[in-house]
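Assembling the complex is the task here: the two chains are given apart, and the hints tell you how they should meet.
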Amino acid sequence: MEFPTYRYTLRPDIIKTYLEAVEESDSLYTDEEQDTQSLFGHPVVPPTTIAIYVTPSRVLKTIKNKPPSGLIQTGQRFEFYHPIRIGETVTVKASIDDLYQKKGRNYVVLKGEGVNEQGQRAAVSYLTFIWPSQS
Amino acid sequence: MKTRLEPDEIGVGQELHPLKKIITQEKINTYVSAAEDYNPIHVDPEFAKKTPFKSTIAPGYQVLAYLSEMMSRDFGEKWITGGVMDVRLLKPVFPGDELHIGGRLAEKKKEKSAYFISFEVWIKNQRDEDVVVGHASVTY
Numbered sequence: 532m533e534f535p536t537y538r539y540t541l542r543p544d545i546i547k548t549y550l551e552a553v554e555e556s557d558s559l560y561t562d563e564e565q566d567t568q569s570l571f572g573h574p575v576v577p578p579t580t581i582a583i584y585v586t587p588s589r590v591l592k593t594i595k596n597k598p599p600s601g602l603i604q605t606g607q608r609f610e611f612y613h614p615i616r617i618g619e620t621v622t623v624k625a626s627i628d629d630l631y632q633k634k635g636r637n638y639v640v641l642k643g644e645g646v647n648e649q650g651q652r653a654a655v656s657y658l659t660f661i662w663p664s665q666s
Numbered sequence: 027m028k029t030r031l032e033p034d035e036i037g038v039g040q041e042l043h044p045l046k047k048i049i050t051q052e053k054i055n056t057y058v059s060a061a062e063d064y065n066p067i068h069v070d071p072e073f074a075k076k077t078p079f080k081s082t083i084a085p086g087y088q089v090l091a092y093l094s095e096m097m098s099r100d101f102g103e104k105w106i107t108g109g110v111m112d113v114r115l116l117k118p119v120f121p122g123d124e125l126h127i128g129g130r131l132a133e134k135k136k137e138k139s140a141y142f143i144s145f146e147v148w149i150k151n152q153r154d155e156d157v158v159v160g161h162a163s164v165t166y
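Those protein sequence lines, which keep their order, are chains W and F.
With the first sequence counted from 1, adding 531 to any position gets you the working numbering.
With the second sequence counted from 1, adding 26 to any position gets you the working numbering.
Bound conformation, chain F alone (with noise of 0.2 Å):
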């Protein structure tokens, strides 16, 4: 079974090991046919020049899945039974972009027998603009 971390392992300040992902035309639009939600701002380059970001952008949810990932590498089963994520989404993202996925540990504390830790996350692209931030936490 793969080793998670433990509350006691972790303390406030401290920061998760971060995730590297690099954006592609061909990963959108795998997701989209996993989704089958066919937003053409997604995957039709011709309809996606004519709106203000003038390019296909990936959909929020996928990107976001890079932050639950991040968050299940680290908590496993606590993640899928106890986990909050509450982010804004900033910035679009476009194929080719690279971003780098991280969280810090705001708060930690237990209440009788559950633990309640909340982190600071965050997801940035190759400029450094915060494209997503908000909280995810876990309780258990």
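Extracted from the complex, chain W is given alone in its bound form (with noise of 0.2 Å):
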């Protein structure tokens, strides 16, 4: 099953939001000056922002039946590809990649792919959590 794809921009008061949550300082992400700054040659954002933009209830929200709340996040994976610019927008592409049970509980595998400005695929997150009983 794919999602509508949808576009999220990284601003820079969110990336500083979420600098501060994960007490990240790297000058990857912070340095502003030319001289010491990265390969990269400008910050870009943590790549585990990927976990800002492709969120259940991003993703959910397009669809009727949504899952009561308190999903619990039992597994993920990540891979990085690509950097994003800080203030990039990523478009959103989105799929149940797995279903299964196990011991009587529905686990979903949701997968999300963000691709940068440059049309490069950036980041994927595969999200595997419980899909909570209705109670």
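Calculated from the structure, these hints are not laboratory results.
From a predicted model like this one, the values you see are computed outputs, not experimental measurements.
Among the clues, some could well be false.
Claimed, not checked - Each computed DSS-like pair below joins lysine-lysine, with the alpha-carbon atoms no more than 27 Å apart: (1) F:Lys53 <-> W:Lys547; (2) F:Lys46 <-> F:Lys150; (3) F:Lys46 <-> F:Lys136; (4) F:Lys75 <-> W:Lys597; (5) W:Lys633 <-> F:Lys150; (6) W:Lys634 <-> F:Lys150; (7) W:Lys597 <-> W:Lys547; (8) W:Lys633 <-> F:Lys80; (9) W:Lys547 <-> F:Lys46; (10) F:Lys75 <-> W:Lys634; (11) F:Lys76 <-> W:Lys634; (12) F:Lys76 <-> W:Lys597; (13) F:Lys134 <-> W:Lys597; (14) F:Lys76 <-> W:Lys633; (15) W:Lys592 <-> F:Lys53; (16) F:Lys80 <-> F:Lys150; (17) W:Lys642 <-> F:Lys117; (18) F:Lys117 <-> W:Lys597; (19) W:Lys634 <-> F:Lys80; (20) F:Lys76 <-> W:Lys592; (21) F:Lys46 <-> W:Lys634; (22) F:Lys117 <-> W:Lys633.
What follows is the structure in structure tokens.
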């Protein structure tokens, strides 16, 4: 099952809040000085910000039968390929990669892929979570 | 430019310099604000009391960012252009938990001109319980 493609802008204020929350201060993400910056030539977003633009709530908002509150994440795979500049708008493609049952629980693997403004695949996320039971 | 690790500088069995993080509800709230993902299990104590956890818990993604911090600290641009993290989340992380983030080189090989290095990675809480376990690798 594939979800409608959507776009998300990694605004500087969002990245600033994200960096504060995860206590990340690497110069890759913060250094504006030209003489010290990374090989990319400009600050980039932490690759794990794919966790901001590919979330179940963003992806699943397009479907009718939304899950109840309380998704529990049990597994995660990230693949990182290309940088995303702070302020860039990524295009997100998402799909259900797998569904399975284990010990009476329903597991979902949600795949999300972010493409940067250069058309490069920046990062891929495979989120495994338990679909909450209706109570 | 920040100095990163080179493949020749690290051998199988060697551990990365660990990180330590203290989780607070304030940090959780800040993360949720950035992610705009208002799952009540993270931010609503009254809702959380009625769950099996009896408390709010940190978003898994927030905790996994610490592993990425360790890898980008040591591998810089290479982590962003060739990193893979594959982990299982075993236990919830609560406000007040002290997390210890670590990694040990499990495999290192060179094929043609490309290096592949793979680490066992973990996050443990203050009770020395595994919270997250898995692997993180870099190809370059």
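* **Violated hints, by number in ascending order, as checked against the structure** => 3, 7, 13, 21
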